[in-house]
Each structure stands twice: as C-alpha cells, then as structure tokens.
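J.: Each chain, written out:
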Amino acid sequence: MATDSRRLAVPQSSLDPKSLCPAKVERLLNDEEQRLDGRYSSESRGIYLQCGTVSQAKGSCYCELGNTKVVCSVYGPKDVEHYEDFQMEGKIKCEFKYAPFSCSKHRGHIPDLSEAEISDVILQALTASVRLQCYPKSLIEVFIIVLENDGSAVSASITAASLALADAGIEQYDIVTSASVRVYGNGNFLEDPTSVEEYRPQDFDSESGGDLNHGLVTVALLPTLNQVCAVLSNGHLECDVLVETIQMCTSLAQNLYTAARKCLLSSVKSVDQNNA
Amino acid sequence: MRTVIKSSTGQLRLNDKSDDFYKLHLKEGIRPDGRMLMEMRPMVLNVGSISTASGSSLVKVGNTTVVCGIKAELTEPNASHPGKGIVVPNVELSPLCSPKFKPGPPCDQAQVVTKFLDNLIQSTNLICLDDLCVENDKLVWILYCDLICIDYDGNIVDASVISLMAALQNVKLPEVKINEECESVEVNLKCTATLKLCSCPVSTTFRVFDRSNIIADPTSMEEELTEGQLTIVTDQQGRIIYMERPGGVTLQEEHVEKCMKRALIRGAEVQTLYMEVTG
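These protein sequence lines map, in sequence, to chains A and D.
Using my numbering, the letters of the first sequence map in sequence onto residues 1 to 276.
Using my numbering, the letters of the second sequence map in sequence onto residues 1 to 279.
Bear in mind the hints are in silico, worked out from the structure with no lab data behind them.
Cβ atoms here follow ideal geometry from the backbone N, Cα and C, with glycine treated the same way.
Some clues are possibly wrong.
To be clear about the criterion: a stretch of chain D counts as covered by chain A if any three or more of its residues have a C-beta under 8 Å from a C-beta of chain A, and this derived list gives those stretches [claimed, not checked]: (1) 21-33; (2) 88-97; (3) 100-113; (4) 121-127; (5) 203-215; (6) 245-255.
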C-alpha cells in the first residue's frame, strides 16, 4: 500500500482472517435448485431506493439491493473550474469508490484502477441519458460510495446515480436502470449475484480446459426507450451466450423501472408535504 | 439586513452581513433552526448493519451522518511495541457529503479530526492494546476504523466519536491461535469475542460567536459564522477526560465552566443511548 502522508501510518500489509479459513463454495446451486441464500437462479433480490438522503447535496439517492448498500450524491450544474473548458455541452464527472470496510478485504483510501474503470462505465451509462446540451459551460458531479458490497454493486450504483440526478432536477431522456447476471457453465445463469456468486478469474485456472462460459455481465438500460446504454462483461463467454445474457439483464433492468418511478414519486410527494 | 450571494458552487451562502441576521436571533436567545443556544440536535444511532465489517455503526446528529466501519485484520506488530495491537482511525470528508470539500487527499479538517480521534484513543487508553495481541512479536490484530461522512451539516467531531465508540462496542473478533508445529495460523470464525473497552467517551463541541456567545452542536452554517471551538470529552463515570481548544478567540472562565456542565449532562444522555443500542 502506498504510504499516504496525510493519513496515519499503516503497516504495509495485513491479512484478512476469513482468508485463512476459506469456506470453498463447491456448488452455487444445491440439489433443490436453490442458491446459497435460498433464492432460485431466476430470482432477484428486493431493492430499496430512497431519494433526498444527503441534505447538503443538490440530489441524492440511497439504494439497497439485498445487503449491497450504495449512497450517491449529485452536485450541479455548476460553473466549470477553468474557463478554457467552456463548451456548449455540459460535462459530467463521476467518481465511484468502495468504502474501506465494504468488501471482505480492507480497501485503501486512494481510488485504485478497478474503481477508476467502474467510474468510467457509470459515466458512460449516465452520459447516454443526461441532456447535456441543456447545460452549456456547466459541470455536473456525481459521487458514489459503496458502503457494503454483497454483489451487483455496479448495477446498484448506476440506478442510484440516475435517480440522484433526477432528484437534483437534472434533465434526462430516461431513468437509467441496471442489472447483472452471472454465467457459469453452459446454460446456467444466476440473476443478481451476491458477492460469493460473482465471477472471479482466479477460481477458474484449473477449469479453463473445461466449459468455456464463465463470467459476469452488467447491463445499463433506458427502460421506456428500451435502449441499452452500457454493457460491462467480465470473463470468457461465447457470442451467443453473451447475447442471451445481455437480453436477460435487459429484461431484469426493465423490471426495475417500476421501483425507480415509485421512489421518485414518493420523494416528490414528501417534499410537497413538507412544503405544505 | 441579510444578503444572500450565489457562490461558484451554486450554493447559497450568507455573506458578512449575515452576522446581523444571526445576532438578531441571539438577542432572543434562539438560533435560526429554532434551537436554544445550548440545545443539541436529535440523534439517531444504529449498529451492526454492515456485515462485511467486523463492527459498524451509523450516527445522525441532526443532518450530519457518519458511518463507521471497523475491519479487523492480522499483521506483524510494530518493532517498538511487539506485544500491542494497532488501531488506525481515519475520517473521510469527501465531496459526496458537502460541496465544501474537494476531491483528492484529505483536507485539513479531516486530518485534524483523524488526529483528534487518534489522540483520544491513546490518551484515554480506550482499547486495551495488549488484548489485541495474538502472539508476541509475531501476530497482532490491527483495527482499521474508517469513518465516512455521508452528509456534513457541522459538528463532525461529536458524530465521529459517537459512531467510533458504538462501532467498537459492536466489534466481534474471531479466535486466532498459532499452531506451533506447522507454524500456521488457525482462525475459528464461530468463536467470537467482543472488545474490552476501558472507557466510553462522549464528546460535546461548542463554538464561540462574537466573542461572547457560546453555542453547542453547531450546524455547517453556524461553523462558518463562528470562530473558536471547544471540545470536551466526558466518560461513563461523569468525569472530563479530554479537552481540546485549538486556538482562536479567547474564552472567559465562566463560559468554559458553563460548557463543562453542559458537556457532563450531554455525556450522561449519550451514555444511556449507547446502553440502549448496544445492549
């Protein structure tokens, strides 16, 4: 870990005690076709969405997808810092971060490369939806923090970010919803995987000679327009399996639209009641 | 006459003439949000909601929200203290919680609050570090205490202390033994123990307005209008164990006494809250 002069000194490395007694997951589905948490392979976890959780932000959203907890806050539109950056289209900046205690191993405070990659994917998903031409010479900032990662953190973040933008009054073509599906083996799909069920490349070193299809696909969708705005795929998947998985993710993301709408409506109603 | 200007961040800010606005309120003995000068905001405390952390808590003091997550990991001890565990607090004031903070390395305020927590842990002997030792000079526990501010509306110090304490009381450490024969570390996740805490501090922060008015539990707007801060930390036995007065405006002796009395009352209230929540 790089030493940070503005934080207290930490030792170079430390061991997570859980890694010393690994409970190796042999099978993702038991004999009754149930997953480790009791769901079936085509069952998603319940989602909880609430807008307006951060009082200081222009718009914010808190999302809980099972145990995965994400907070997103939006600031803007505000003036760009340097006037050399003046453009007739607005700019969005997105910063995604896992909290140090959100994953099984303690994460550092400085955003690492995987977080930078995810920030980029979320930015792409949001750029497809936000009407940037309405905000010339302006900057919209989106900050996302994952408080607990129990799988599908990226899809929860995309949904939360889009709702936070809506809460901030930023014009969008549509709310962006997102869902993930885990592929393992041929024709085996797990909807909305938990962190144990998510794809990890190191688990498949010895099995690479066997079945090809192992991976995780996340899709971001504009539900009313039925347009996909971002796809993130990890692992090795054959083309037709990838297409099938994307279609599955798309229908899952479509189902999220009702929950997202309900969240926005209830936040507007509560603002209305507070003002009344 | 209050004048409001729009800053570059698009937030509405009160400029210098807002002093008069605040003084008008103080004349009636009240603050803009309706509180009396020594009145605290309502507090909400929740523990154990983050399953990936060994111990966690969420505190809301008014709108100020702090989440504390504690990760317990194993490491080699410092050469200077081979039989003691390590506790590393860290406060994150990211741009997510308020437009006041910029992205990048920790700002001055975050560093100051982190150091305050570190001093508090060491000077009050909060955690018995010898208990965190698994094998002298070979393996000790390290507790990473990360406090993330989700919503910044002033008084981050009090919220941080309360959430750190509640999270520490919630920590469960698995049993760890070193197998001498095969020199491996054995962890028993089913057998867990809570931390033994030697003290249970509560902090109360006051700020000085116009050299003569003391207000307790400032909001973000009040922090900008006031100068000088006084933080008093009390423990479960009603004693004052730590006080921090980081320079600035001078304070009269009777003001300091008034603050101490208020801090003791507040301390007792929060101790009952700890008991209720952590059981």
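J.: Could you tell me which of the numbered hints above are not met by this structure, giving the numbers in increasing order?
T.: Violated hints: 1, 4, 5 and 6; rest satisfied.
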